[in-house]
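Student: Start from chain A and add chain B according to the hints.
2 protein chains.
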Amino acid sequence: MNPDRLSATFAALADPTRRAILARLAQGQASVTELAEPFDMTMPAVTKHLKVLESAGLVTRAREAQWRPCHLNPAPLKDANAWIEEYRKLWEKRLDRLAAYLDRIQSQAKPKEKARATRKKK
Amino acid sequence: MNPDRLSATFAALADPTRRAILARLAQGQASVTELAEPFDMTMPAVTKHLKVLESAGLVTRAREAQWRPCHLNPAPLKDANAWIEEYRKLWEKRLDRLAAYLDRIQSQAKPKEKARATRKKK
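Here the protein sequences line up with chains A and B, keeping their order. The first sequence begins at 1 in UniProt numbering and counts up one residue at a time. The second sequence begins at 1 in UniProt numbering and counts up one residue at a time.
Careful, some of the hints might be misleading.
Treat identical chains as interchangeable: a pair holds within one or across any two.
Claimed, not checked - Pairs of lysine to any residue residues, derived as SDA-like cross-links and limited to a Cα-Cα distance of at most 25 Å, are as follows: (1) K110 x A75; (2) K93 x E54; (3) K78 x W91; (4) K89 x D79; (5) K110 x A82; (6) K93 x R68.
Simulated from the structure, these hints should not be mistaken for lab results.
Chain A on its own, in the form it takes in the complex (with noise of 0.2 Å):
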């Protein structure tokens, strides 16, 4: 994996147009004018962000047509994947760490209220 390609990927990603361009072409191909419309922004904006997109390999264009549909190519997303699914283990572990945690102070609190509860009676 070559680590400009997954820079490429990750810059790409960095900007919410271009995560909702992508989400709109993972419903299928859309031409430039299909994907301007949702947003509110001019035709040379959109096709700034699909240059990026382009150049980072996730959107590819066909040339044959006239219209010149784009289409998504999730290859690059995979790579991204493999690069964050490294990390899972650590997030996992800091999520059970929390869980235990609050199990304790959770089980630390019960005899407490049991006991708050027995003075109410009394």
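Tutor: Positioned in the frame of chain A, the structure of chain B alone reads:
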């Protein structure tokens, strides 16, 4: 999930040095000096990368200790992973289609190979 937080996470990951810093911190806490060692970089350059990682919430620094060790916080990676996972079906479908295509061309090639082998025997 705040979309800008997700953008900050992906932007922080879009650099090989910052990813290497995270990989180092996944092994355990480290001081800025320790982090700078493996890279041919000045301390200010490493500090700059650390600031990007800190503002994305991927790295936290202890306030009490004098050497202020850096820690990895994997929580933003979990959110980035959740975003990418939405596309898993797409790349798996693409790979399945590729495998089916390879199977098809292989099974088309086999009868030809057999025919060639039979011809040779004659």
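Student: Tell me, which hint numbers fail for this structure?
Tutor: Violated hints: 1, 5; rest satisfied.
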